[in-house]
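Just add 30 to wherever you are in the sequence shown, counting from 1, and you've got this note's numbering.
Watch out, some of these pointers could steer you wrong.
Claimed, not checked - The list that follows gives simulated cross-link-like pairs (lysine-lysine, DSS-like), each with its CA atoms no further than 30 Å apart:
(1) 463 x 340
(2) 266 x 457
(3) 423 x 463
(4) 423 x 339
(5) 329 x 340
(6) 266 x 235
(7) 437 x 404
(8) 203 x 179
(9) 340 x 203
(10) 404 x 457
(11) 235 x 457
FYI, nobody ran anything at the bench for these hints, they're computed from the structure.
These numbers come from a predicted model, not from an experiment.
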Amino acid sequence: DEQSISQSLSTFSGHMTNIASIIADASSKSLVLLDELGSGTDPEEGIAIAMALLDHFIDTGCRVLVTTHHSILKNYGYTKPGVQNASVDFDSRTLSPTYRIIMGVPGESRALEIAARNGLPKNIVEQARSYLDEERTDVSALIAGLKEKHRELDRAVRDREEEARRLREERRKADLRELRLRQKELELKQQGMGEFKRLLQESRKKLENLVKEIREGELTRDKTVAVKDFLSSLEKQVQDADSSLAAEEQLLRETATRLESEAAGETETRAKIQKSQKIRPASAQQFAPGTEVFYGPGKQRGVLLRQAKKGYWIVELGSIKMTLPESELQFAAPQKPQKVQVLTQVDLAQAAPPSLELNLRGYRLETALEALRKQIDGAALSGLYEFSVIHGKGDGILQRGVHEFLKQHPLVADYYFARPEEGGFGKTLVFLKRS
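Hey, can you work out the whole structure from these sequences and the hints?
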């Protein structure tokens with residue numbers, strides 16, 4: 031309070047003295063802070079002086095922050111270009127400020143409510159309320175309505191942001207699913223390339239035999255040149271396919287990098303997911319077939335099937351199987367399995383001793399399936415959960431019959447072709463369910 035008896039200054043006089051010195055020094059680079067502008071004198075004259083001062087500071091180019099309880103100055107904030115109202119949010123239940131700034135909405139004094147809360151007799155408060163004119167009451171109700179609308183708008187904005195975040199997450203998951211399908215497609219193409227290269231190697235051996243026969247005079251030079259041209263064509267096809275695979279692998283790496291970058295922007299979401307799923311540290315456990323793991327930024331749950339090579343595992347992710355490095359896998363708490371009773375009849379008398387590899391080449395389909403049934407029964411009884419079946423390629427009848435039998439057998443958990451160097455499409459790896 032600027033009042034001073036010794037200097038014959040009232041509150042208003044001291045206030046005006048300070049403002050006069052501010053006007054003298056203010057420039058377009060100034061920040062002017064004025065508390066309760068226009069107070070300490072007749073309200074109408076104080077308001078008129080306040081608006082004239084604000085006009086001057088705005089014309090000067092100052093940045094001005096003013097606090098006031100005068101309703102007319104609040105209207106000034108709506109009608110004057112370059113001026114904006116603001117208020118501190120007020121909790122009507124506790125009659126206390128929340129200290130959250132609301133831009134664009136003027137505040138209310140709440141003098142009657144605060145007076146009643148602090149012990150002023152109820153009859154006096156009600157008498158004071160009766161002196162307020164109807165127009166003033168309507169303005170207060172309007173301001174209260176504006177504040178509620180502002181709160182609803184804030185909630186709508188937050189809901190929209192949450193929905194946008196959810197849609198981004200769904201799009202990222204869809205991109206990840208597409209990426210995994212393309213990786214699976216690439217693996218199948220690589221397997222096919224392995225077979226193609228094997229055929230090329232066999233063709234080279236045939237060429238060596240032809241050259242040997244030429245030396246013995248059994249073939250003409252023209253025939254040899256034609257064979258060499260054919261092999262050169264095969265080599266060209268292999269090189270083109272290799273280049274195509276390399277380009278596809280590069281595209282997959284770039285896609286994976288983009289998805290990881292997008293996932294990094296969802297740090298808070300990933301933290302909530304990791305907290306809810308309670309991922310256990312990998313250092314406390316060892317990877318083993320059947321272990322449940324999380325993969326990728328979206329923490330997709332999967333199961334380890336077997337180790338492909340050192341540092342890499344074949345992982346079942348939903349309906350997709352992928353070969354993934356250990357560094358991208360995290361242990362997951364196992365889900366409680368639903369108790370499903372499966373009744374499977376195993377013929378103990380006919381169960382043959384199981385072997386790690388069942389060779390069915392040369393068998394008729396009916397005989398081969400009977401041998402396969404006995405192999406599965408024997409493996410189930412002896413605790414052998416993995417074995418391989420050699421069915422050859424040929425016209426594919428035996429291979430399709432074996433796969434159809436495995437697909438319908440209740441003890442079979444999974445099966446798929448071997449790697450090209452281990453037999454490729456002529457050999458199937460079988461995995462039985464663990465009890």
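Kindly indicate which numbered hints from before are broken by the structure, ordering the numbers from low to high.
-> As far as the earlier hints go, only 8 is violated by this structure.
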